[in-house]
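Trainee: Sequence:
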Amino acid sequence: MPAIEELPEGHPRWLWDVKNFKTVIVEELQVCPPYTCVSHTWGRWRKSTSVEVEGVSGWEVPENYLYDVRELPQELSQLKCHYIWLDLFCIPQDNSRAADEEIARQSSIFRRAERCIAWIHDIKAWNDVVLGIKFLALQYLTVADRTVSIQALADRLQHDGKKPIQHDTGLMQNPSVCQTTTSDATAVLTSPQTSGRLEPSTWFSSLWTLQEAVLCPNMQIFTKDWERLEDATGEGLTLLSVASFLHLAFSYSTQGDAKGNHLFDFWSHAMNPIGSPGRTFGSLGVEVNAAPPSVTRLSEFLDMTRLDNVLFNSSPVSIMFNANVRRCTGNRAPAIMSAIGVTDWYTKQLSEGKVREYKVEDLVLRVYPLDFVQEACAKTGARFFETTFTISEKRMERTLKGKRAIGSMLPFSRPNGWLFRKFGPPEVARISIYEHSAVRNWEIQQNGTVSIHTAGILIDPKNENSLKMSGSLLWFVESEHINDGYTDDFYADLKLLAGDSVIHAVCLYQDGQVQHGIILQEEHGRHCEGGLTYLVRVGIYWVCCNSVRPELPEVAEVNWIVL
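Residue numbers (UniProt numbering): 1 to 563.
Mixed in with the good hints there might be a few duds.
Said to hold, decoys possible - In silico lysine-lysine, DSS-like type, Cα no more than 25 Å apart, as pairs:
#1 K495 to K403
#2 K224 to K134
#3 K224 to K19
#4 K47 to K124
#5 K379 to K348
#6 K22 to K80
#7 K468 to K495
If you are wondering where the hints come from, they were derived from the structure by calculation, not from laboratory data. Here the structure is a predicted model, which means the values were calculated and not measured.
Please model the complete structure; the sequences and the hints are all you need to start from.
Mentor: Shown next as structure tokens:
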């Protein structure tokens, strides 16, 4: 079977002609015209039926419970552009080879677009969001101008924020909205907010939209009725600008100024109405400002989505981590592959006609195809193994005793919503990464384990004369008696954390004069037969190597399986 048919300069094959209400074939135009990509989510609300939409020739369009797809042409006419790329109208919805080829071109389609917009169906108005951003912006001015009064800011925003904050839908939703996948979607999406835990709205929980956000971080954001999120001057706010501003504002609000003063108290009086933000006293008796609900929601939104992390860095591991909390109704790998540049496996499978042959039980941890995971690891390098997670002591003991594969080395696991227990890698500036040669020989297996036959061991538990080094430890095992963080005696603190367990500090790479690695733990009190040892990754570390450890550890032969 031939390879993917290449279009001139990676252009899309189809576009929607807004003015003439029809799908056009780009190759039949003189040149590929400027176009707008519309990012939205609908797969979780798909009906079992498809309908003909006037102007869409070649395939029927799947129906969903969010809106009538037959009205989409009229809806899209509200946008001020001639051509639009929208998946329903520009990718055949028939599982054909042509559809698979267009999916493979997602990266070039979004990156070559004149502009991209996010159409978020479950947001009805921006009042709540604008209020929170405005409050944060004015509050942040107090950092530069100490003459600005907190109470004056509150008075200035009081009139705007009193009513909308109670009624309008914003970036945070009731979980029932985000998790709905059945015919009651319309009722849930249009119902008033209920009290209790909130989650990010549906667009921010879709795996496909994560990829589109990474490919086009400067996309603007629109409500269900095509109202754009704008600043006070009427300028459209992009996804990246919102994430950047919230990151800046909340970094100060949580870290405080040089004297330790904080902008907000997110713990005391969290439901304080905007009408009386005022002062409150925290647990230490320090006078702080109670955050209004709109600000609290924005803080929760940033914490849960970690858009700042994924958009600022766009590293493959950060994106794969973020994908853990996103939802997808089909094969997850195509929904993220273009964002991390891992598409060779897909091209190969497409040429062999095997793209849609994967079964869930054949996927690594029931998430991704093995060839996708192996390519992602090969292209990412040693940092692929540097994500963090948490695990209870009892689960770790059961894992080692039963030799259960849990994917402790991998940056993903079976998706479990916003309460997912894996965390992104530490994101710091890199100088010059030099990977340990042993890492490239590590083999990821179908069951999620990693076979290691060579390793650069920084610390051998049998060596009592290890040199004193400073650095940092991050221990994954949950325990009331375990503390981690900066250490001026890495070996001593590592022994303290490990207790009676046998541990190994294994080097991943060196960046400048800092060496990074992982910590592996064997089952306590068990000697494996035939030299084969089962371990679990229980931590990561970095140490200052300067004059003490100027070179990477030597390659040692081992026979390990990391569960």
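Trainee: Give a verdict on every hint.
Mentor: Going down the list of hints, with the structure as the test:
For the proposed pair K495 and K403, the alpha carbon gap of about 24 Å is at most 25 Å, so the pair holds. This hinted pair checks out: K224 and K134 have alpha carbons roughly 22 Å apart, not beyond 25 Å. Proximity of K224 to K19 is assessed by CA-CA distance (about 21 Å); at most 25 Å being required, the pair is judged to hold. For the proposed pair K47 and K124, the alpha carbon gap of about 23 Å is at most 25 Å, so the pair holds.
Under the criterion of a C-alpha separation no larger than 25 Å, the hint pairing K379 with K348 is consistent with the structure, at around 16 Å. A distance of roughly 16 Å separates the Cα atoms of K22 and K80; the hinted pair therefore holds under the 25 Å criterion. The suggested pairing of K468 with K495 holds, with an alpha-carbon distance near 13 Å, which does not exceed 25 Å.
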